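Q: For reference, the chains in residue letters:
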Amino acid sequence: MRYLYLLLVVLSASVLFYATLDFPQWGDPNSPASLHVSPVYLQRSLEDTSVPNVVTSVLADYRGYDTMFETTVIFTAGLACFVLLRVFAPKMKDTYYRHIQSGVVLHIKGQTTLLDGSRDFERIDSRWVPADIILKTISRFLIPFIQLFALYVVAHGHHSPGGGFQGGVILGASIILLSISFDLRTGLEKIHERGLGLFSATGVFIYTGIGALCLILGKEFLNYGVLSKILPVDPVMARSLGIFGVEVGVAITVMAVMVSIYNYVSSEGRLDEGL
Amino acid sequence: MNEIYSIRPLWVVLISLCAVPLIISTKRPNLRETWTILAGVLKLALVLSMLPDVLSGSSFSFNILTLFPGLPFRLRVDPMGLIFALVASFLWIVTSLYSIGYMRGLKEHSQSRYYAFFAIALSSTMGIAFAANLLTLYIFYEILSLSTFPLVTHHQDQEAKASGRKYLVYLLGTSIGLVLPSMIYLYMRFNGLDFRFGGFVPAGGANLPLNIACLLLVFGFAKVAIMPLHSWLPAAMVAPTPVSALLHAVAVVKAGAFSVVRTILFVFGEGFLEGSWARPTILFFASATVLIGSLVALYQRELKRLLAFSTIAQLSYIVLGAAMLTEHGVKGGILQLAMHAFGKITLFLGAGAIFVATGKKLVDQLEGLGRTMPFTFGAFFVGALSIIGIPPMGGFLAKWELLLGSCQSQYMGIMGVLLASSLLNVAYFIPLVYRAFFPSFPVEGKIREAPLFCLLPMLATALFTILLFFFPYPFAQLISGLWSQLLGG
Amino acid sequence: MSGTMTYHFSVILVTFGLLLSFITYAMTWIKRSLCLPFAVLSIGFLSYCSFSLFILVIERGPFEYYLGGWPPPIGIAYYIDELNAFLSLLVYLVALINLLCNRERFLEKQGDRIGGTMALYILFITGLNGILLTADLFNLYVLLEIASLTGYALLAIGDKRQAPFASLNYVFLGTIGACFYLLGVGYLYIKTGSLNMQDVSRLITQIPKSPTILSGFIFILIGIWIKMGLFPFHIWLPRAYTNTFGPISSLIAPLGTKVMAYVIFRVILFVFGKEFSFEIYSLGHVATLFGVAAILYGAITALRQTDLRRMLCFVVITEIGYIVAGLGVGNINAIRGSLLHLLNDVAMTFCLFLSADHLIVNTGTKIEELKGVFQKTPFGSSIYVLASLSVIGIPPSPGFFGKWYLLQGSLEAQNFWVFGAILLSSLLNTVLFFRTFEEGYYHHTESPSYGPKKTSLSAYGGILASGLLVVLMGLLAHPIVGHIVDPFLLRARLP
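Residue numbers (our numbering), protein chains in the order written: chain A, 171 to 445; chain B, 12 to 500; chain C, 1325 to 1819.
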């Protein structure tokens, strides 16, 4: 059997090598791929969409329909985690409270909310390690800057590398950082499951919704130009704004899905306490 | 000759299907059986209503659907189909009445299912009778095989299971494995499968694939039970007797015989078969079946199995008649289709009546029963005489025509086969009846005549067997109508 | 509704599928009890759209839809013809009937997660529809990802512990398949610079002998074959479909593989073209080989199974074999038969899995546990019998018509391998199904307490509807060939 697998690998590899016989030269400006549609994108991107970054205009406009599905793929990943991992009936775990001043930990059998909201006690997880003050403090400083940078990346996708996917990932990472450096409960206090669920759906909904809006305004799906009917700009600028709109949608979904996947996986779907 | 475009043939097919939901949903047995009888009477009336027109040389046709380009799902009523339809729809009523007595007498389970599948089987039989092309015939043929499966295995025990398996393996195996490829080949070659008297296959019998196709069709319609594809029929005798009576004396086996006659006369025809080697092969196997079937029947201890082997032999008469391709041979074959039905159903109903009244199944046990059950055995005797072919029974007419046909044909040996078979028939029927009336030892016991519901249908069919000798008018007229079509066309 | 609006139905079908699935999921966090009714309404609405689209195509003929207003090859286009519109209608009908039939069971099994499950359900059929309608090779890949991902997630829902593992196994193999497809598309792009099917097809005819194109062809074919479960790439299929939750298997088993089978035809006939595939390279022999092997392997292996649903999985493998073998024969009647069989198979397999699931709920998963089930649920069993007979190919069921054309085509091409394999597998299927009938039919009891488990009226309705779908496909076989399959073949310049 092992030899059969080896044979398969060799076979696939030889097809791959065979394919290269006919490849155009590396970076050849006369290769078919650089002659057919690429020049059109390069030459017309700015005048069609007023977006200088060609990658963004191809991604979100010329082939924006693909990107919509890519975003949906990410949404689906979050959805799959929800459906497969989320457990609504939590196992009866014990509850731990720490006296903030003295550091004494109370272990209470079963679930309780007895001391929630008390100033002297804070709830901690069963696998709690004494708080790392350095980590916490640095995270507290960094997170706002990370988030600000994320927004910059989203907004600046028109001009430089960036866009919704990248920005969304950075934004999500900032919240995951919060959950890791404090605990899952803290993260969930800032943005809870319901919010994440709604955000993940809203993001893709914005994308698809903008497409559908174009449809309602009487043009093809995702034909942003027609948005100029309701926006005070010309069709080319409307395309640019439309692209920005969908980028924001992408960012929201990517952020929410990243965080919710972390939440579900780290807590085995119970969302009680994380790692 | 003119065609009448009419929906009537479709109604004939559908009317028993329409009865199925009523039969299933009705809770009260009396009402349920009323539906069956009502559907039967209506069906017969519709068939009879087409008789005058067909006798005067018209035919009815109706297109239901197009299945493939140039190949519609089409019904067409011609004299030959009408003969079969007349026989089957008339005998359905008789058997239904008989079923009531039989099933209630033995307190069988799942009677609703029984009547429902019976009705479906009859619908498909009518479909076979009226099919206008080979594919339509094939469709109904398959439905018939499947709808009779629950009837054959009605007892749902181990024996039924084994027989049911055999039944399906033979019937579905041959129809999918032999008929279907042959049919597709013919369609590919001739771009249509419409029956035409004299065949749509062009003359010249040397073509190898066509010869094979012909043999595949004839053997593929395994319901006709030409040896070596016969052994499903004795196995199917585990069914309740009315099923054996109607299906394995009339509907199913005759559907097979009918399909083979259609194949020989309406697909390949005289022109092709004259010079082919398929025809001698068919004649050989059919003759062998006649002789071997009759011989094996001699050795049967169980009455229903004896009748089954007798049926196998008698069915091949029909094939022989058609394959002779002479005027009298064909007439005899088609007459045999009708006459054998009346004779054999009488015998089966007799066997069933004996079983209901006494619980006896074996040939040896019949000794002396004739004294206490004179009506049953009287009818049985009439049926046996008709099968042997002794006047004044209907069976004689068929045998006569067949013998004449064999004289006309180049195969004189067939005459010998027919005569030998008749002698064998005498050998297994006459001692049986004789000993029933004149036992070799005194018989005691309190045995009474069979219930009235069983007795009356049997007497009716026996009476018809005799009447058909004196008044074969509709059948004979239809057959000569068919023949004149050939001469005219 | 205006004419232009019906023209937009093509895109509404897919994108509104997305929108509605997002709303269904969002509903989880707003009002959970509304998720299921909303999902039912959504699929109902989408089925209506699909029906309108089908009517439109039948009336006006095929048309293109430019997404974002960019004409291909700059942008992405949809190409809607009779065949894919009809297939999309079938997909929605199957999804709708399946959901209506199994509403209670979904609710019982998924509880509070029902919103997410329904969102996946809608996304799955939306993805399949996108695959059917798109005219862009890369867009097809993206949609393939949607359909696959949702499929993996749905299949991992199971009564048994093996379900997630079986699904994981499928994830690995499915990903390999998708990668192969993507690699193939990449090669085509290197040599042609385009992704639009029509455009690529035009460019390929100029460089038919290029090794890169050939490699792309091989990779695309293998990728799709893995996805459609063709022998010997089928190993993920039986495990994934057997262990999953019943209503999911009756959704994915009929749809997943058949839609991929459609893609094979689309790619071979409309991207590479008949000449490239059959004349320059001998796809015919390869496809015949794989097809015949799949038919025989599926038919024989099915006989060995003891688990009912696993047995049906091998029947699916056989059916895929028919479709590929017909493609291998390559003449018009055989390909007509393949396509007709593909359409019919959606209805047949669906009815088969749905009714078998009903029997399984009433008895057990093993074939020998079926004892007496015909007496227990006569209605469900009769639909099961109907579907089985159709798979065997008893006329006038739909299975018969597909097989007829396949047999005719292979006879015309004198391809006796395919001819014999189809006949043999029909006979083997007869044995196979009658074995299950025997279990269910014999062993009757007289005890009156022996009745079916409580089944809601809508479940019965769903099973009945699936049976009716099978009957209709059989009766309408000729119009389907004439109005749906033949125009497709005509555009492929086949005759």
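Treat each hint with caution, since some may be false.
With the C-beta cut set under 7 Å, the calculated list includes, among others, these residues of chain C facing chain A [what the hints assert, rightly or not]:
| id | residue |
| --- | --- |
| 1 | Ala-1350 |
| 2 | Phe-1387 |
| 3 | Leu-1391 |
| 4 | Leu-1473 |
| 5 | Gln-1530 |
| 6 | Ser-1534 |
| 7 | Pro-1535 |
| 8 | Leu-1613 |
| 9 | Phe-1703 |
The hints are simulated quantities; they were obtained by calculation from the structure and are not laboratory data. Being a predicted model, the structure only gives us computed values, none of them experimental. Here a beta-carbon is modelled for each residue, glycine too, at the ideal position from N, C-alpha and C.
Q: Hint by hint, say whether it matches the structure.
A: To see whether the hints hold, each was checked on the structure:
1. The interface hint given for C/Ala-1350 is met, as the beta carbon of that residue sits about 4 Å from the closest beta carbon of chain A, less than 7 Å.
2. Below 7 Å, beta-carbon pairs count as interface contacts, and C/Phe-1387 has none with chain A, the closest being about 13 Å; its hint is therefore violated.
3. Using the Cβ-Cβ criterion of 7 Å, the hint placing C/Leu-1391 at the interface with chain A is satisfied: the shortest such distance is roughly 4 Å.
4. Checking C/Leu-1473 against chain A: minimum C-beta separation of about 5 Å stays under 7 Å; hint holds.
5. Because the closest C-beta pair between C/Gln-1530 and chain A is about 10 Å apart, greater than 7 Å, the hint is violated.
6. At its closest, the beta carbon of C/Ser-1534 sits 5 Å from a beta carbon of chain A; the interface hint therefore holds under the 7 Å criterion.
7. At a threshold of 7 Å, the smallest CB-CB gap from C/Pro-1535 to chain A is about 5 Å, leaving the interface hint in force.
8. A cut of 7 Å between beta carbons decides the hint on C/Leu-1613: the least distance to chain A is about 16 Å, and the hint is violated.
9. About 32 Å separates the beta-carbon of C/Phe-1703 from the nearest beta-carbon of chain A, more than 7 Å, and the hint is not met.
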